[in-house]
Amino acid sequence: MAGRLLFICQLLVRDLRRRRTETVLLLVAITAATATLTLGLTLNEIADRPYQQTRTATAGPDVIVTPRTTGQAALDELAARTTAAGVTDHSGPFPIAYLTMTAHGRSAHAVVEGRDDAPVSIDRPAVTDGTWVRPGGVVVERAFADALGIRTGDTVSIDGHPLRVTGTAVTAARATYPYAGWHYSGSVLVERGGLVWVDRSDIATLAGSQSLSYTLNLKLADPAASATYPVGDQLTTWQAIDRLNGRLYSDAQMTLLVGSWLLSGLALAGVAGIVAGRIIGQRRRVGLLKAVGAGPAMIAAIHLAEYLVIGLAAAATGLVTGWFAAPVLIRPSAGLIGSVNAQPPALRTVIAATALALTIAVAATLVPVVRAAATSTIHALADAATPPRRRRWRIWLSRRLPTALLIGVRINARRPRRARLVTVNTLITTTALVAVLIVNTQAVHFDLGYTALANPRVERGEQATLVLTVVVCVLALVNAVVSTWTAVLDARQPLAVARTLGATPGQAGVGLALAQLLPAVPGVAVGIPAGIGLVAFVSIGEVQYPPGSWLLATALGVLLAVAALTAVPAMVATRRPVVDTLRSAPT
Amino acid sequence: MVLRARGLTRRYGRDSGLVRAVDEVDLDVPAGQALAIMGPSGCGKSTLLHLLGGLQRPTGGQVWLADRRIDTMSEWASARLRRDSLGFVFQSFHLMDELTAMENVELAALLAGQPPRRARQRALHLLERVGLADRAAHLPSALSGGQRQRVAIARALCNEPLVVLADEPTGNLDSAATLDVLRLFEELHTAGQTLVVVTHDPRIAAVADRVISMRDGAFADDRQVVGAATGTVYGRRR
Numbered sequence: 013m014a015g016r017l018l019f020i021c022q023l024l025v026r027d028l029r030r031r032r033t034e035t036v037l038l039l040v041a042i043t044a045a046t047a048t049l050t051l052g053l054t055l056n057e058i059a060d061r062p063y064q065q066t067r068t069a070t071a072g073p074d075v076i077v078t079p080r081t082t083g084q085a086a087l088d089e090l091a092a093r094t095t096a097a098g099v100t101d102h103s104g105p106f107p108i109a110y111l112t113m114t115a116h117g118r119s120a121h122a123v124v125e126g127r128d129d130a131p132v133s134i135d136r137p138a139v140t141d142g143t144w145v146r147p148g149g150v151v152v153e154r155a156f157a158d159a160l161g162i163r164t165g166d167t168v169s170i171d172g173h174p175l176r177v178t179g180t181a182v183t184a185a186r187a188t189y190p191y192a193g194w195h196y197s198g199s200v201l202v203e204r205g206g207l208v209w210v211d212r213s214d215i216a217t218l219a220g221s222q223s224l225s226y227t228l229n230l231k232l233a234d235p236a237a238s239a240t241y242p243v244g245d246q247l248t249t250w251q252a253i254d255r256l257n258g259r260l261y262s263d264a265q266m267t268l269l270v271g272s273w274l275l276s277g278l279a280l281a282g283v284a285g286i287v288a289g290r291i292i293g294q295r296r297r298v299g300l301l302k303a304v305g306a307g308p309a310m311i312a313a314i315h316l317a318e319y320l321v322i323g324l325a326a327a328a329t330g331l332v333t334g335w336f337a338a339p340v341l342i343r344p345s346a347g348l349i350g351s352v353n354a355q356p357p358a359l360r361t362v363i364a365a366t367a368l369a370l371t372i373a374v375a376a377t378l379v380p381v382v383r384a385a386a387t388s389t390i391h392a393l394a395d396a397a398t399p400p401r402r403r404r405w406r407i408w409l410s411r412r413l414p415t416a417l418l419i420g421v422r423i424n425a426r427r428p429r430r431a432r433l434v435t436v437n438t439l440i441t442t443t444a445l446v447a448v449l450i451v452n453t454q455a456v457h458f459d460l461g462y463t464a465l466a467n468p469r470v471e472r473g474e475q476a477t478l479v480l481t482v483v484v485c486v487l488a489l490v491n492a493v494v495s496t497w498t499a500v501l502d503a504r505q506p507l508a509v510a511r512t513l514g515a516t517p518g519q520a521g522v523g524l525a526l527a528q529l530l531p532a533v534p535g536v537a538v539g540i541p542a543g544i545g546l547v548a549f550v551s552i553g554e555v556q557y558p559p560g561s562w563l564l565a566t567a568l569g570v571l572l573a574v575a576a577l578t579a580v581p582a583m584v585a586t587r588r589p590v591v592d593t594l595r596s597a598p599t
Numbered sequence: 002m003v004l005r006a007r008g009l010t011r012r013y014g015r016d017s018g019l020v021r022a023v024d025e026v027d028l029d030v031p032a033g034q035a036l037a038i039m040g041p042s043g044c045g046k047s048t049l050l051h052l053l054g055g056l057q058r059p060t061g062g063q064v065w066l067a068d069r070r071i072d073t074m075s076e077w078a079s080a081r082l083r084r085d086s087l088g089f090v091f092q093s094f095h096l097m098d099e100l101t102a103m104e105n106v107e108l109a110a111l112l113a114g115q116p117p118r119r120a121r122q123r124a125l126h127l128l129e130r131v132g133l134a135d136r137a138a139h140l141p142s143a144l145s146g147g148q149r150q151r152v153a154i155a156r157a158l159c160n161e162p163l164v165v166l167a168d169e170p171t172g173n174l175d176s177a178a179t180l181d182v183l184r185l186f187e188e189l190h191t192a193g194q195t196l197v198v199v200t201h202d203p204r205i206a207a208v209a210d211r212v213i214s215m216r217d218g219a220f221a222d223d224r225q226v227v228g229a230a231t232g233t234v235y236g237r238r239r
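Protein chains in written order, with our numbering: chain A, 13 to 599; chain B, 2 to 239.
Honestly, the hints are just simulated from the structure, not real lab data.
Warning: the hint list may mix true and false statements.
[Stated by the list, open to error] Sample of chain B residues at the chain A side, in silico, Cβ under 10 Å:
no.: 1; residue: L19
no.: 2; residue: V20
no.: 3; residue: S79
no.: 4; residue: A109
no.: 5; residue: A120
[Said to hold, decoys possible] Using C-beta positions, here's what the derived DEER-type ranges look like:
no.: 6; chain 1: B; residue 1: Q225; chain 2: A; residue 2: V533; range: 57 to 65 Å
no.: 7; chain 1: B; residue 1: D85; chain 2: A; residue 2: G560; range: 43 to 51 Å
no.: 8; chain 1: B; residue 1: D16; chain 2: A; residue 2: V382; range: 47 to 55 Å
no.: 9; chain 1: B; residue 1: S145; chain 2: A; residue 2: G560; range: 27 to 35 Å
no.: 10; chain 1: A; residue 1: R404; chain 2: B; residue 2: S145; range: 18 to 26 Å
no.: 11; chain 1: B; residue 1: E25; chain 2: A; residue 2: A386; range: 54 to 62 Å
no.: 12; chain 1: A; residue 1: R402; chain 2: B; residue 2: E25; range: 19 to 27 Å
no.: 13; chain 1: B; residue 1: A177; chain 2: A; residue 2: R412; range: 34 to 42 Å
no.: 14; chain 1: B; residue 1: A192; chain 2: A; residue 2: R404; range: 31 to 39 Å
no.: 15; chain 1: A; residue 1: R404; chain 2: B; residue 2: D85; range: 24 to 32 Å
no.: 16; chain 1: B; residue 1: E25; chain 2: A; residue 2: P414; range: 37 to 45 Å
no.: 17; chain 1: B; residue 1: P203; chain 2: A; residue 2: R412; range: 44 to 52 Å
For glycine and all other residues, C-beta sits at the position ideal for the given N, C-alpha and C.
Put together the whole structure using the sequences plus the hints.
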């Protein structure tokens, strides 16, 4: 047993060394899928952990009450809350006003909270730069300051009153920008806005004629009990704030998780194409192994071990890439503190990424590996390629086509499985691109929050979409080139024969390119409705579809890209002298 | 002359590694002649055949086919020439595995742009001519070596070429199959088809009316055969 294992390991190491390019391509394909999945799954943790750390660091409240009433009525209403059952401590009530802040020529809604200089027991915002509030100064929530480009020492204006920024701070008592809970007085419609703190003595001046609202922070004997509180426009809990902060990443997370499905499909198609080519190359060795006594199980183990090792390596690479890329890509809100990568990825993320990588590796390799293991020894020793399949109707149809098309159709008829992989590749690519197109077409019907500032949630969604698009395109490109090159190798002999019969190099090259382009057409045709269906399936609201001309342009773009990608290796292949091919490929 | 070469040269490598595969060969092949080129392995006879057929470019000299110089032709023009004026027969047949005998033969006509129906009729006629009409629907894997080579010969004849160039056409065949192919060449020769056959097999020389011996890329001997194609050299007809 030990001897067999050693033998398998020796062959494994040699194969990996000998076929470095293919190994790297396999690694890249599977890593792309696992990294995207890790990114998607990691976002929850990235959003959740800093909030918990911020909550601890700032003595965050369990329940925050902000009555709809204002002035003395609000204070009276809040007074009763401080002695409610289960409440162990409180801070406030703090006066708040819903105003507009202008900085560097840009305006945004600002929830202005009046604070004292002295620290309180609940909700002590952590100053991340500068100093805490003082008369005539303002402290800006860090994410809000980031969005407006405010730094300590700048002068901002709140409803026309100039104030000097004395510092920036973070809190767990309100969600970070843009979910600070700004609304017009008396309205329940919450708009985008950020939080600022001013000296309690300044707030009445800033509010002008607007009557002040008040907010009260409560600490419960059992913080988890706050989950039972009815969250609404007058009351919120730390769990609700945590969820609200998570909304910043929800679009990005959905994009990445759905993207990881698509990338898994692309990786599967790519790996299957590469593996099919490798197994053909290893046919003779299969014969030799069988001749010296290796059984089908041993043959299968030798080949599967290689792909399992590549799959595990890709899972590890994808996990590390996704884990480290997540904070860089998604930027956990600046309104929170704490390191997002202080702990390793969650076990469920590790399991999911590893399972995905191994599934891709095994699913793509099982059929060719089993087929190789079942090949007769004599046949394998003769190094005879699997005879091409005969597709009677395609041959019949191709007789009526121009030479290049005839060649293209017949190349595909020889290896229908490879043609199907091309279809899958273009189907997934088109699906992804159409989905991205639709996502970018979505109009924001109710963009509550007049401001020229970009919506950070949309920004993060767009970044995730960009990353996904790039990875999909790169993987699709790799798949297209690998598929064409495999076709080139497989079709060398029939193309050489066709050239001795009078086909020009141009016809042979175009035929090869068409062999890739033809199966891409149904992939693109199905990819458009599939992309539309995918967005409709995962979207909650109404889906707005892009104009038909955009979809058509996407379809043509994919086909043009396939044509361009395949034309180069096809033309290179036809430059090889016919005589060399005929000598090296006996029939 | 249907085929003419002057100073035809093909060299590989350079300096001490220089190999003269074909070394300044002059050749005239009149229409209807059956020419056998013989010689030991590596003497350059296959390379000469490839040069005459435009499959390889010479490093020196000129080649004319029906008074058209072909060694300076573009790839496109060479392809067109092969399609219309030349037929190739190879030692290892080079049939498409997934195509039937009929489809293999008609492929040449289809590539030449003939309508499918006419290509099919031509292929059927040629398969009858090579005695394989009853095997038209068979895949190459279901044919014997001799039958495969006869299909390859039918394919070479499909576009009524000026010259058929055959490279060791009996090299992979047993004696019986070799006799079949030899008979076919004899019939072609009798019908006036110009043949250039590269071979090791002295029996093929018996159907040729001219035999050239090659050595080290050059012609060592060039002789006319009197009374060739009598069918007596390679046994009785069935």
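Hint-by-hint comparison with the structure:
Restraint check, B:L19 versus chain A: the minimum CB separation of about 19 Å is more than 10 Å; hint violated. A least Cβ separation of about 15 Å between B:V20 and chain A goes past the 10 Å threshold, and the interface hint is therefore violated. Annotation: B:S79 was flagged as interfacial toward chain A, and the flag holds, the nearest CB pair being 8 Å apart, inside 10 Å. Nearest Cβ of chain A to the Cβ of B:A109: about 5 Å, under the 10 Å cut. The hint holds.
A cut of 10 Å between beta carbons decides the hint on B:A120: the least distance to chain A is about 7 Å, and the hint holds. About 59 Å separates the C-beta atoms of B:Q225 and A:V533, a value consistent with the hinted range of 57 to 65 Å. As the Cβ distance of B:D85 to A:G560 is approximately 47 Å, the hint placing it in 43 to 51 Å holds. For the pair B:D16 and A:V382, the supplied restraint of 47 to 55 Å holds, since their beta-carbon distance comes to about 52 Å.
With their beta carbons about 59 Å apart, B:S145 and A:G560 fall outside the hinted range of 27 to 35 Å. Checking the proposed 18 to 26 Å range against A:R404 and B:S145 shows it holds: the Cβ atoms sit about 23 Å from each other. Roughly 55 Å separates the CB atoms of B:E25 and A:A386, a value that falls within the hinted 54 to 62 Å. The hinted window of 19 to 27 Å between A:R402 and B:E25 is violated, with their beta carbons roughly 47 Å apart.
A hinted range of 34 to 42 Å holds for the C-beta pair B:A177 and A:R412, which are about 39 Å apart. Between B:A192 and A:R404 the CB atoms are about 34 Å apart, so this pair conforms to the stated range of 31 to 39 Å. For the pair A:R404 and B:D85, the beta carbons lie near 29 Å from each other, so the given range of 24 to 32 Å is met. Hint check: B:E25 to A:P414, Cβ distance near 42 Å, so the stated range 37 to 45 Å holds.
At about 46 Å, the CB distance of B:P203 to A:R412 agrees with the hint of 44 to 52 Å.
In summary, the numbered hints that this structure violates are 1, 2, 9, 12.
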